[in-house]
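Sequences and hints are given; from them, build the entire structure.
There are 2 protein chains.
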Amino acid sequence: QGTRDHAPAQAALRERLLSAVVSCFKRHGAAAIDTPVLELRETLVGKYGEGAKLIYELKDQGGELLALRYDLTVPFARYLAMNKITKMKRYHVAKVYRRDNPATTRGRYREFYQCDFDIAGQFDPMIPDAECLKIVHEILSDLQLGDFVIKVNDRRILNGVFAVCGVPESQFIPACCTVDKLDKVPWEEVRSEMVGEKGLSPEAADRIGEYVQLHGGLDLIEQLLQDPKLSQNKVAKEGLGDMKLLFEYLSLFGITGKISFDLSLARGLDYYTGVIFEAVLLQQDNEHLEEPLSVGSVAGGGRYDGLVGMFDAKGRKVPCVGVSIGIERIFSILEQRLEASGEKLRTTETQVLVATPQKHLLAARMKLISELWDAGIKAEMLYKKDPKLLKQLQYCEDTGIPLAVIVGEQELADGVVKLRDVATRKEVRM
Amino acid sequence: QGTRDHAPAQAALRERLLSAVVSCFKRHGAAAIDTPVLELRETLVGKYGEGAKLIYELKDQGGELLALRYDLTVPFARYLAMNKITKMKRYHVAKVYRRDNPATTRGRYREFYQCDFDIAGQFDPMIPDAECLKIVHEILSDLQLGDFVIKVNDRRILNGVFAVCGVPESQFIPACCTVDKLDKVPWEEVRSEMVGEKGLSPEAADRIGEYVQLHGGLDLIEQLLQDPKLSQNKVAKEGLGDMKLLFEYLSLFGITGKISFDLSLARGLDYYTGVIFEAVLLQQDNEHLEEPLSVGSVAGGGRYDGLVGMFDAKGRKVPCVGVSIGIERIFSILEQRLEASGEKLRTTETQVLVATPQKHLLAARMKLISELWDAGIKAEMLYKKDPKLLKQLQYCEDTGIPLAVIVGEQELADGVVKLRDVATRKEVRM
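Each protein sequence line maps, in turn, to chains A and B. All the letters of the first sequence, read from the start, carry residue numbers 937 to 1366 under this note's numbering. All the letters of the second sequence, read from the start, carry residue numbers 937 to 1366 under this note's numbering.
Think of the hints as simulated: they come from the structure by calculation, not from any bench.
Note that identical chains are pooled: a pair holds if it fits in a single copy or bridges any two copies.
Derived DSBU-like pairs: lysine-lysine, alpha-carbon spacing no greater than 35 Å straight-line:
hint: 1; residue 1: K1280; residue 2: K962
hint: 2; residue 1: K1321; residue 2: K1023
hint: 3; residue 1: K1303; residue 2: K1194
hint: 4; residue 1: K1314; residue 2: K1031
hint: 5; residue 1: K1321; residue 2: K1253
Structure representation (structure tokens):
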């Protein structure tokens, strides 16, 4: 349940998609690492907040207690700490596992790929953070998924908001999780969860509501920097200062047009400590609506400066910022688009079919194809002793093989082959 | 235990290795498929003989009972049956899981990659089988692993041998498993396991011993086809006839020099029904020995005509033959070789570092690098506001970046950049 096989057409589409993403990561100088699908259960515990109940655990068959990785970020942090690495730019494309309710038409599976790019290390503020946003911008533009917006916020700004609205610090993370639902449900529902389930006072909730419904650009940052309450809060001020710097860098990268500073963005994971962001595609075909509808998140990430320290015996921190591309949702969109277009993706790369027009020529075919393979040419032949020429050419058409090399008795005698262009039916002897 | 992280250097080596293998599979016209790491437990049960105890099972957290895949062959057969596919040439490169005793220096892990190529479908005999052997030959030659031999046998020949030696049919599979150990232990030990554990008569064991210690080429096939007992056995005769045909095809492919018909080859898995094979590397540095020592299997496979039928409600069979490349052992060899050579593999592909020689030029660097990224050029910069030029050039040398583009105040004023070749220190303005 919640998993799927990839047939050749899907595997080919996925290869194309992953290769576009990996190209971008490599363009930004990232190195690849790989970690096991299995992690010690204790490595994953306490890192995911409400997500923890979705972790797949292995049966105790003796030995260590294991679980399937839930994301690629925690294994990365574990890797850095274990190897005492304090500086690294890496990407990792691999499957992760969550016992979630599958919604397969929207691309939500229990086994799915994540494509992560992260920068670990102590650097000057906001430079790596800005690069992560540039990467999201490049990938979503490359893939031509239509219009999108990248929402940006900072956990420090949110925490500052909670503080000045009178929320006790122990309630920051639950409050965060509740705010995070604002992209799916209206404020009234979020408010009632805050008051009902999370036990905030109605006044605090109302004050939070005034902040978290704000979104804008540099002007909003300036406005909040002047806000009489927020400007008195140390962490909020730090967050807003960094947000201003981030916007400056994004403007040098030429991408502020797609960035929205959005105070409702909270992100569900416990480990974020600074900038957070999430890219959403905007619905194209609702031109009568005033604001385009968002069709869901296709990338997300943020800064997590404390996670590596949780795996270090002495608690040494390594600041990190990273982005994860939501490849499954993008895959669903491209798959539906491909289906609608009727275009047929080739599933093989074969350049030439080795064919014979008469019987008793299997040996000639096998000798020739062997030469082609040894010369690095992608070649196939039918696995029949005496196939009809028509069947062989039909196979080329069915599978998109552009050329057929034909060896008949005459060609054998003359020491030549006929090379046929399958589409135009033109033939040359060579 | 028995798993490992891949650091960037290892990940780069693995990418190089996997890409050589996948190139070969694509050269032979295979399409990719992908199946989940998780399979229903019942899918894996009863397919692996003695291997079954090594299957990783998931904890029962409600819902289906799941296990981690043990190989890629059973999921492939399940995929074919589920989708009623009767003809397919596919490759699959992915991780599989076995709760085995790890021997990590020899490349034996609990999580490891398999690289499988399989041909499913009803075809003329031995043509796909010969292609599988050609693929093994191409890959091992491409990777320059040194001398190797591909041992070939046929389960029908082995079954014929057991039958004419007086073994009851119910004992064929256990006898097979025992014979399979002949590459690791001497005949006397195998014999005593047959008599002691498997309950064969000493006479039967001795008669088996006469056959399974034979190895050779076409002449041995001819000899056994004349063998008074074997030639009377229907399955053995079929197997020997096909083996002769296989050798004919392998000779057209020009690879019989590396092929050994070896009656001791049995392969541990239950599902093989016809041709089986295994490639072993030969030790190079023991020239004083008469016969080169084998350093272990690096590829294996065979024909399994009954496996797909086990997943079909009506038992409809789809004949299959395939090969699995033992990538972990090959990886260990290449890793050790790389270490010994002192060669440093680049872990990134960055073409150019964007550098500045004075302070207050971060904005210029960010603008320029953004242009380069948008033009598809792999570029990096240091995440510092005012890095020293020496540090920037040092970074190029450390990570193998061949070029630096330098923008100083003068260049900005002139509207040019300096392009520096890091190795030769030559610079051009452009």
